[in-house]
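Participant: Whenever a hint applies, use it, and build me the whole structure from the sequences.
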Amino acid sequence: MTVSNDPLVQFQHVQKSYDGEVLVVKDLNLDVERGEFLTMLGPSGSGKTTCLMMLAGFEPATHGEIYLAGKPINKVAPHKRGIGMVFQNYALFPHMSVEENLAFPLQVRNMSRSDQEDRVKKALDMVQLGDFGKRRPAQLSGGQQQRVAVARALVFDPDLVLMDEPLGALDKNLREQMQYEIKHIHERLGVTVVYVTHDQSEALTMSNRIAVFNDGVIQQLAPPADLYERPENAFVAQFIGENNRLAGTVRELNGEHCAVETVDGSIVHALAVNVTKPGESCTLSLRPERVITNPEPGSVNNNFQANVVELIYLGDHIRARMSLCGNDEFIVKVPNSAGKSALQEGASAPIGWLEEDCRALAM
Amino acid sequence: MVASASSIESSSTSGVIVAEDGIPLKAKLARTTRRTRLRALLLTMPLLLFLVITFVIPIGQMLLRSVNHTAVVNVVPNFAVAIQDWDENDSEYPSEELIKIFVQDLARARKVREVGKTVGNLAVRVNYEIPGTASIFKSAARKVGKFEDENYREQLFALHKKWQNPNLWRTLKRISHAYTPSFYVAAIDRQYDEQGNIVKKPEKLSIYVDIFLRTLWLSAVITGICLLLAFPISFLMSVLPLKTSNLLMIMVLLPFWTSLLVRTTAWIAILQSQGVINNILVWLGVFGDESRPQMIYNQTGTIITMVHILLPFMVLPLFSVMKTIPPSYMRAARSMGGSWLYSFYRIYLPQTVPGIAAGTLLVFILAIGYYITPAIVGGQDGLLISNLIAGHMQQSLNWSLAAALGSILLVIVLFLYWLYNKFVGVDNLKFG
Chain A
-13 MTVSNDPLVQ FQHVQKSYDG EVLVVKDLNL DVERGEFLTM LGPSGSGKTT
37 CLMMLAGFEP ATHGEIYLAG KPINKVAPHK RGIGMVFQNY ALFPHMSVEE
87 NLAFPLQVRN MSRSDQEDRV KKALDMVQLG DFGKRRPAQL SGGQQQRVAV
137 ARALVFDPDL VLMDEPLGAL DKNLREQMQY EIKHIHERLG VTVVYVTHDQ
187 SEALTMSNRI AVFNDGVIQQ LAPPADLYER PENAFVAQFI GENNRLAGTV
237 RELNGEHCAV ETVDGSIVHA LAVNVTKPGE SCTLSLRPER VITNPEPGSV
287 NNNFQANVVE LIYLGDHIRA RMSLCGNDEF IVKVPNSAGK SALQEGASAP
337 IGWLEEDCRA LAM
Chain B
4 MVASASSIES SSTSGVIVAE DGIPLKAKLA RTTRRTRLRA LLLTMPLLLF
54 LVITFVIPIG QMLLRSVNHT AVVNVVPNFA VAIQDWDEND SEYPSEELIK
104 IFVQDLARAR KVREVGKTVG NLAVRVNYEI PGTASIFKSA ARKVGKFEDE
154 NYREQLFALH KKWQNPNLWR TLKRISHAYT PSFYVAAIDR QYDEQGNIVK
204 KPEKLSIYVD IFLRTLWLSA VITGICLLLA FPISFLMSVL PLKTSNLLMI
254 MVLLPFWTSL LVRTTAWIAI LQSQGVINNI LVWLGVFGDE SRPQMIYNQT
304 GTIITMVHIL LPFMVLPLFS VMKTIPPSYM RAARSMGGSW LYSFYRIYLP
354 QTVPGIAAGT LLVFILAIGY YITPAIVGGQ DGLLISNLIA GHMQQSLNWS
404 LAAALGSILL VIVLFLYWLY NKFVGVDNLK FG
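Protein sequences, first through last, are from chains A and B. FYI, our numbering numbers position 272 of the first sequence as 258, with every residue one higher than the one before it. To get our numbering, take the position in the second sequence, counting from 1, and add 3.
It is worth saying that the hints were derived from the structure and are not from the lab. Backbone N, C-alpha and C fix where the C-beta goes; we use that ideal spot for every residue, glycine too. All clues given are correct.
Some, not all, of what chain B presents toward chain A, calculated at C-beta under 7 Å: (1) S331; (2) Y332; (3) R334; (4) S338.
If you only want the chain B side, here are some residues facing chain A, beta carbon under 8 Å, derived: (5) G340; (6) S342; (7) Q354.
Facilitator: This is the structure:
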């Protein structure tokens, strides 16, 4: 096995508590491969930022060990770890020009003045801010500040860059544009990135793998498509993308499939993800876009009549809220394509879905 | 929409932007905001009046009083005008004619006895210039009524030999103006010699310049100590959780809740030679019972007590600035490889400059004019210039000299403020 195949970062049984009573991070085990873009995704208070801070060295781990390139770093001071970091509010030094900001990590490393200038220029060109070097951070727009922060974290060629919700302060359009830019920079430089966010679309757009955090525990660690298509538990299913949930009890279990009785007594055929025995209560998880209105007879094995409660026109699709299987909040996304028979509020409509699209998850 | 767009275009080409009805936009805006501006003026009016009455006018009066002293002009008005024609290089004494005017003025002043225009006022004024002359004016005033109407000079000179001193008459000529620089001359330890030149006062009579320098030096020392003490505690408060930092803040502000006088006297109890600290030091064997260190009624006492009293004025601006510096700056600097000390020096410290500037300016200006504390604990060598000013206000009643000293102090403070503005920038200050 070559060195490059070793994980760059390893968390081993890491626990963290601030007050000695509550564990913010519970037994974290995580490997980050070299060159990977790994996102820690989760709601606020889920422990993701704490993990990042422990990796950066600003918070000590209460228990366990973190390895960087095979070496334990619990006792290594932050400034000796050689990790680049982008902060939520950029943390650009307000009393220095953009160039001076970028030169800071190079000065610390006693680099010669001409090398410093070369590197600063290269880094600024990388984020298309070549002409802005003399300005103060306050004279830049939010997006420009963001780019400077990224350039500053990369200018000293760290192996690892940490990003702590770096796009949180930007408006929606700029955020999407920056997502692509950061993604492309990552692809071009091959640097390892650990990215923290609570925005799932950001995570899905940029990451090689996503670790979904909740309650101090990684709920699922998987590539974006897997996470969306095959959530392993109810939290992930709910957190990633929109999701319809139906509560029920497992009645039959045969191999990969199962039949679930919902609260109003109807039977739903679903994929058995982690249910183990009949009689177990479970949650059925179903994506709104996988529900078919007016299904061809025989094309799907779940067929229901649902009451249309509300229709919301959203341009490319229509969002229909329906009442079904004892759930008044059942959402169906109907594509706004030509020739589709329109749904009527208050009317009843036939809907259905494939057994494979509906996932039965243990509670 | 199209019409209005074109009108804006046409108006902007002519230079002045006009509103829809042709009135210039600036005038229109001024009209719509007039009410707001009027209200703002009304809201500030009480404070403005208060400041004018209690601050601007007294300061103006003080500045005026430092150069304006009307005793001679008021008491012997005719003589004050006439003596200006006497050339002291020609003759030793003024002419008989002039002395007659002087004697008549003196007699009239004694008869009228108008408040502020008595012979006593004149005597005090001359006494400032030539100490020990007050009595001859008073006794002369009593006797000039009985003078015969000839040979005024002989009769006057016969009263006391001090009248025969040519310097007295030269001085009288010099101070026979409503406006005089002589109080500033005195305030910088200078005096007029017999030829009317400004010369240094003898060493043992020079006090003001030394005390001005001492005031500046002690204020600088107090400010420096305050900064050294306040910086770490402010930093700690800015990084601690709110609950702990609030507690610390209360402890910092606690002295504010106690009377200044009580605090100052408390220091006497603590620092005096039979006081708490000395007793402990003797008990510990650091000093012998006979060689207890003197920590009060001298400069040490002034410095210790004033640092204690002024410390909150340093902590508050520092804390308020440090509170706004997010911890991510230091973290960013450290993640980029700067050691804690280096990051602190390069990143944190420069951002606290507005707080340091505000705190030092505040403490220094407060210290330079401080009165009560040095008066109580300063002894002789811990006195500051404000104590001398108060002395001239209350004991020697030489208000003009007090005003001149006060004006010099004001000029020094303004000069320092100007220096500060030049190097730090006043808009960089941040008080909280």
